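Spelled out, the chains give:
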Amino acid sequence: MVKKLVLLQNIVKTYQTGNIEHQVLKGINLEVKEGDFLAIMGVSGSGKTTLLNIIGLLDKPTSGTYIFDGQDVSKLNSKEIAFIRNKKIGFIFQAFHLIPWATTLENVLLPLLYRKEGFTKEDEKEAVKLLERLGLIDKIHAKPSELSGGQQQRVAIARALINKPKLLLADEPTGNLDTQSSSEVMKIFKELNQEGLTIILVTHDPEIAKNAKEIKIIVDGVFVEK
Amino acid sequence: MILKYRLLFGGLFYKKLRLILSVIGIIIGVTSLLLMNAFGEAAKIKTIKEIETFGPEVMMVVAGSVRVHGGRAIQTEITTTLKPDDAEALRKIAAVRYISPVFNGDGILRYSGKVLTTIVNGVNEEYIPLRKFPLAEGRNFLKDEIIGYKKVAILGQKIKTQLFENEDPVGKIILLNRLPFRVVGVLAPIGIDASNADQDDQILIPYTVALSAVYNVDYIRSIYLSLESITQISLAEKQINELLIRRHKVGEKNKDFEIVKAEDILKTKTQTTELFSILVKSISILCLLVGALGVTAIMTLAVNERKKEIGIRKALGAENKIILLQFLVESVLITLSGGIIGILIGILGALILLPLFKYPLVFPWIPIFSSSLLTIFFGIVAGIYPAYRATKIEPIILLRSH
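For the record, the sequence lines run as chains A and B.
Residue numbering for the first sequence follows the working numbering, starting at 1 and increasing by one per position.
Residue numbering for the second sequence follows the working numbering, starting at 1001 and increasing by one per position.
Note that these hints are calculated values from the structure, not bench results.
These figures come from a predicted structure and were not determined experimentally.
Among these hints, one or two may not hold up.
Below 30 angstroms or equal to it, Euclidean Cα-Cα: the simulated DSBU-like pairs (lysine-lysine) are [claimed, not checked]:
#1 A:Lys-116 with B:Lys-1004
#2 B:Lys-1308 with A:Lys-26
#3 B:Lys-1261 with B:Lys-1143
#4 B:Lys-1015 with A:Lys-143
#5 A:Lys-121 with B:Lys-1255
Only chain A is shown next, with the shape it has when bound in the complex (with noise of 0.2 angstroms):
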């Protein structure tokens, strides 16, 4: 039987602006698998992102359940939650948020520093290999700066995956670049998850959509039925 990765029970996030209160997920449930590529759509305002900080761990939910990986988030502590973070999952942001004085090959390093092994030249090779294959390998001593917003995208998705997490998450990975970028990109996706890897990225654009085995809509904190 394949495992279940991600289960979200009745998942609500109210945001609160001075008195009025924003209730952006309005009960979601939803569960990935291992191997799972879905795509969640959705205009913006929709909650789409919201879910997927949520899912990725970088926000919390007002109230629902959330087991990732057989473990409900809701008991963890901010180690545990931090370890999930570093080892299990890679997350892609639409702004990249590289770190700016880094070289490329110091960006995709970076989650290594935070595992409890460190790092080893061994690792060195592996981020080598990694840019090598996301045809990054002559940017490999470049700053963001010098970098194309493409090959920006491209570095984050190394870091991402330089910890071999069981699950990656792309949140408009291709919003800030063009159509050649976007198709690369997206082609990069469609292996990574044929190799085994379970994918859950977040669009607006039904062409990216596409690429996915699964689209799901959210339509102001709901998914809805196509």
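Use these hints to put chain B onto chain A, whose structure you have.
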């Protein structure tokens, strides 16, 4: 290994201006505190030195009545009944060590075309040891010169410089109110004494000559005397009082003299010093607070600017304690380097500025180091606290900040 530290602390050197500003903030705080402390202490020592020009064993008998105001004995009523013989009579009091009649007045000095006005003090040969005035050149008066009405003079340091410049004045003849006086000695620089008189701007002559030849009077203005020991002050005061009342045939109520003890003059002076000391301390504390606030503000800003970096690191799985450790090390590096540079600049500044203001060179190390440490402490706390707060926030909120 190197890569590890670069990944941890690379952000420190990313914004050079921010780093320099933080370090400068600490430098300014530490330097100003050090200078403040050094100046305060130097001023205190200088005042104590001034007070010492008027030894605690010194007493004055002043003709007329006197009010001590702001450390200065002001004659409020002048009488002509105090005579040189009174000084001779007071010599019989057992506790008296040195005694000198004093007549002071203005005088015009002339030497090789130069003219200046100064204070003339008619005294005897005991006045210089009594006041513990050091001689720079020549010698003190001889007893024979006092008794023998010799026109000899000892110059204050400023008078010597103004009249003679680099010339050796000893043996030269100067004119005081058109009378020729031979210079026998020059006082070393003394400065302003506790009664606010500039002891470098005066000329000493035998009181006998002052009374008979220069001012043509038969009375003196005061008698200076010093005691063998300060324990005898109150007894001596009583004896002087009784003796002079008897000699002047006056009552206690309508007496024509007043006894001023060093204590009376020093009391107000000490109060002034203490007030000054409190002032310096308050300013130091104010400096410390302002410095600490500045440092806190700069460090807080520097860390706030890096909220996004904290967010990225947390999203990649950094534990809170590692982020705190990173900012602790960075804060320590910034504040410690700033603190050391600040202390060095402060010491250099004190070495240059203190002599410039003719202050004694002192470094009160304990206040300097304790205040520097406190500034550094504030810097470190200000560096960690915002980072600590940031670790408590969900990473996604940090990532949204700019």
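Going down the list of hints, with the structure as the test:
1. A:Lys-116 with B:Lys-1004: Cα-Cα ~13 angstroms, so holds.
2. B:Lys-1308 with A:Lys-26: holds (29 angstroms)
3. B:Lys-1261 with B:Lys-1143: Within the cut-off at roughly 26 angstroms; holds.
4. B:Lys-1015 with A:Lys-143: holds (14 angstroms)
5. A:Lys-121 with B:Lys-1255: This hinted pair is violated, its Cα atoms lying about 102 angstroms apart.
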